[in-house]
Amino acid sequence: MKRLISRRDALRQTAGGFGALAAAYMLQQGAFGAEGGARTIYDQTPKQPHLAPKAKNVIFIYTAGGASTIDMFDPKPALAKYDGQPAPFEIKGRAINGSQVVMASPWSFKQHGQTGRPISELMPEFPKVVDEVAFIRSMTTDRIDHSTAQFTFVTGRGFTGFPAIGSWAAYGLGTENQNLPAYIALESGSATIGSRAYSSAWLPPVYNGTLMQIDPEAPMFDIRRPEDVSLDDQGRVLDAVAALNRAQMDRREVNVDYEFEARIKNYELAARMQIEAMKVADISKESEATKNMYGMDDDGSRDFGNRCLLARRLVESGVRFVQIISGGWDTHNDIGGTLPGLTHSIDKPLAGLITDLKQRGMLDDTLVVWSSEFGRLPTIQSLGNNPGRDHNPYGFNMWMAGGGVKPGVDDGMTDELGYAALPEYAVTHSHVHATILHQLGLDHKKLTYKYEGRDESLVGVNPARVVTEILA
Amino acid sequence: MPRSIVNQACRGVGVRSLLLAALISFPLNAQFFTRAPMWQHEILPVLEQNCVKCHGGEQTMAGLDLTKFDSVLQGGISGPAITPGHPEMSLLWTMIDSGKMPIGKELGAAEKQLINAWIVNGRFPSKEKLDEDRASSKITPEARAFWSFKKPIKGAPPEVQNGDQVITPIDAFVLAQLEEKGWKLQPEADRRTLIRRAYFDLIGLPPSPEEVKTFVNDQSPDAYAKLIDHLLESPHYGERWGRHWLDVGGYSDSVGDAGDAFRPVSYKYRNYVIEAFNKNKPFDQFVIEQLAGDQLVNYKPGTRPTPDQMEALTATGFTRLTADITDNQSIYQVDKWFDALQKSTETSTKAFLGLTIGCARCHDHKFDPILQADYYRLTASFHAAYDTSNWLATNLRNDPWPSRYILDMPKEESEAWIKQTEDKKERGVSGNARYFARTLALVRKQIANGVQLGSLLDYLGDAVIPKDGFTDDDLKVMYEEGGRELSNEQLYEIFPQLGREAEEIASAKEAEIEPNFVWALWDMAREPAPTYLLLRGNYLTPGPVVEPGVLAVLEDPNDPFVFPNPAEHPEWNHSGRRLTLAKWLTQPDHPLTSRVFVNRLWQFHFGEGIVTSVDDFGKMGARPTHPELLDWLAVDFVESGWDIKRMHRQIMLSAVYRQSSQEHPEQMAADPSDKLLWRKAPLRLDAEVLRDSMLSVSGTLNKQMFGEFDAIKEAEDGQYLPDEDEAPRNRRSLYLAQSRTRPVGFLHAFDMPTMTQDSVSKRFRSTRPSQALVLLNNPLVRSTSKALADRALEENRGQLDGALERVFELAYSRAATEQELAAARAVVASAEDEQQALRLFVQAMLGANDFLYSY
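One line per chain: the protein sequences are A and B, in this order. Numbering (the numbering used here) for the first sequence: 1 to 472. Numbering (the numbering used here) for the second sequence: 1 to 855.
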């Protein structure tokens, strides 16, 4: 790899005559119109935020499928009271094997931490960090099926075709490290909407979420030098590309053409990214204690834990927005059999992530967000031996920690069954989006992009406000 | 057929009122519904199931028709059926409440509550008329005078100083503006550049060295014109320009639902588009077929299409390109039905009118004179087919029949197929087959891993296939056999039940009839259900009924455009709405249709349109850089009979198009994005052109056209690649499976759209390190480099110099310069052997700017 670094210097000299434009990731769009012939350049160099930011980075943890927060974070004693009885008011499910019969949480809760907030026995490690988090206990969303609700939660609109929140953050702020993408997605299982959970849609593709794998040899597509290509041979290709591009510029007597220049720099950046992405994915230098802290000593939590650890390393390396997706939370049947495995897979990693960030002094400017597209109903779906719970978009929990969030706060509540958010407290996905942007120093009304004649934004025309109740 | 719809109030408003109701009282009563139940989705289904046998449809006893909102309000011979706000004064309620109606049965409590709540809280607007909308202050004379809403006029080309540069009228328009700056056109590009440009533009492939030689040596004055004609006749022209149009329509081979299933037959529409371009189908005809082919040929739903109906029916695939997730969950779908209907309308409006109307879904357009009523008037044309009160499933996976497909089979066969799917549904055979395969795989894997009996059962869960479940003996054997790999045959031996099941499934499968589908759109009824204006865009709050119509601003206020009444056309098998809309769009003097399309052609040739916002010809869109030129082209296009190939010729024969792409310091500084067209700006090749060109120069391109999509597969690192194990291989990229969530890595890196949004009329041309990584490490680049180098060496009997010359001819259409040869020698000097050196150097050539751009 050494050779690539020295080559980088050589390339830099080659390209040195073309001005100081840092053309790493870029897209030039001839945006002429009213303004004249100027070009707009979209890149990921750091941008000035609108406000003083509270957080520099975001780790957005998305448990796709609908986590049953009433069984994890938000116990409802009334569930026990009505257990096996009809609910005291009508519960709207989707009518697929639905019922009006209330099901108590099969798990017990205990109060934890200074704040004394109850956490389910499903999450034995999470109590260690519970005092760091702020719960929003009155989440609502406006779609009831996975695809539409996931689009809503990640892109602000309940259908396909809008940019994910990470793309907006990358567009608004760029990122510190030009050798890695500004927006990286990590999948431990996937969302129902697949790669659309981190798509830039019509925002310039430089802001698309880049899928990263935990394999340090091949963390990104086409980043690994093929086994049958020697380092020297790859160097020869790079040398020859540089020489051919040089020859072309000479032949055309090009003095100023940002696009050609950018393309030359692109190889340089690719070489650097090759090194940096592999370096960041290589966790072999992390201590065993650290890996264990993330649950990597356990088969059930290793996969998600590794991604949490990687998220910390990415943030450390100056990546603006990291999204971790955990799949499979759709517990329609046999919630008693399936939920424990799911919660186990994230419990220790989540506690480890927050602890680790805190120990390293990173929690103050890293906003950690945890949510699902919706919660689950207090009633039984699939009456019988293996009951589960159906989708509940009316009321559920999510939490945030770090990045200017007030530790230990609870905002809002649902009714006694955990069915619907009390209207006066209701928080929507758009409120959450506005809040995340706000912590990054972005005003959700000002962060716009012209698309199809409209100044589009993450929240669009949805009512949105910053949830100041959970902010320090 | 009436269709019962189970509705849930899941919207925010509904939730709050539900909750309030819950706090106030229990058990359920009418107050529970503080929101208004919806006529179309809650009330109508109840009436259809219980009342319309006598009151509506075939007979209207007592003069009462309960199938339509208006006629319910109107009532029958006993007077109005309802008095808004007062159930006790509403005949509909008193008859039901007293048990007098329906005769012979009684409505359930929930249904009664619904009707009661509807009368108490329902929205009964007076029917607002089109005229009132027209009077809206938005549609002012000034609004009508906006440039793109006025008819284009073909003006005389301006006088210019540099008359010697003018070849076609296009040149005069462009030169006139350049001369204002004291500039003129660049000289014509050299022949090698011209032929590459023309090849990339028209067929998306580079010329062969022989073709280059012929063109360069052709001394005839019309050599270039002949070249253009030759390319326009190439079958690959349709592949290149068909792909452009597929971008505009938003073509994808996947549905866009949960799991993003592949669409089995959408490829037929893709092939239709390719053929339409190759046949030079007049654009007006192209528009009409795609929007209303079914109505054009008066297709009768439920019948097998005749051969001469097939093309027009296939064309309507255009209206079905949107991500349609209505088959996603079988119960809660209403919001998605509206999404599909509305998205389809929006994409069509964007594609043909160049206007984005999405905002008007919820409110009058903020900037453009587009009313919310306009939006719903437009959707009304599609509503007859995308009928939200009589929805057809769109995917065969969950709800096989009836479905939004036409069966193209003899009657007996299609009937047998329908019976087969119904039987299957009943017996669950198709589900069984799927589970069976899954179970088998799981059992084998788990046994091989020595998994404990108990957890194995947990793992299998519902997937356990044998109809009566595994017996205790089975389980015992399974446990004992744990730890060793078992073949299917061995498994069958242990579990005879599994074996029998396998046999049954196999033989059932063999006897199955393979359906032949047409992916098309057709009207559900001649007189469709009413289309409501949806207040705030929310289907839960329907407003007044709207009639089908067009944008008010484009109508003559004194002579509004009226849609025909199907009642006056008894021969129609359809509502006639989409056909009317399409004919309105293709009137010769329509201000937008021709402008919008020639602007698209211009954009695909030059990289930017004359109006750069190709889908937004409204107020917030860009103004044309050359307005008189755009109008001249638009009128010329219509005058020629909407002749697309002729328009290519017009553009490509111009001096403007033939200019050199040479950078020029002064112009570059003053107009870097080439707004004034002082040069032909170099364009990075589109993703597909780049891949196809690599295959082509390496001699590995398979030019077989049409057919179904080619398979892709997921590589170890999660990247999608063309599936090399499945024939046909190495065909042009537009034949590769186009998925919204599984884009082929190479193509995605170079900005091929994934159609997460519904159409991409203008692709990005980004520069990203992921592209450099692809050019360094992607298997396609490496294999084509190798093939090209080896091919050149072989053709030159291993002589490196000759081979080098050949690769330059093949990849760059020219000889190498001294500087380039030096670069090649540097690789040869250090690499292991000449063959390896050439492979590496060729890879560099394919990754260098000379190859990546069209100049």
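Treat the hints loosely; a few may be bogus.
[Claimed, not checked] If we take Cβ atoms under 8 Å as the criterion, some of the chain A residues that face chain B in the derived model are:
| # | residue |
| --- | --- |
| 1 | 161 |
| 2 | 225 |
| 3 | 409 |
| 4 | 410 |
I should point out that these hints are in silico values taken from the structure, not numbers from a laboratory. Where a beta carbon is used, it is the ideal one built from N, C-alpha and C, also for glycine.
Hint check results:
1. 161: The hint holds - residue 161(A) has a Cβ within 8 Å of chain B, the shortest such distance being about 3 Å.
2. 225: holds, 6 Å
3. 409: violated, 23 Å
4. 410: For residue 410(A), the interface hint is violated, since the closest Cβ of chain B sits about 19 Å away, which is over 8 Å.
When the structure is compared with the earlier hints, violations turn up for hints 3, 4 and for no others.
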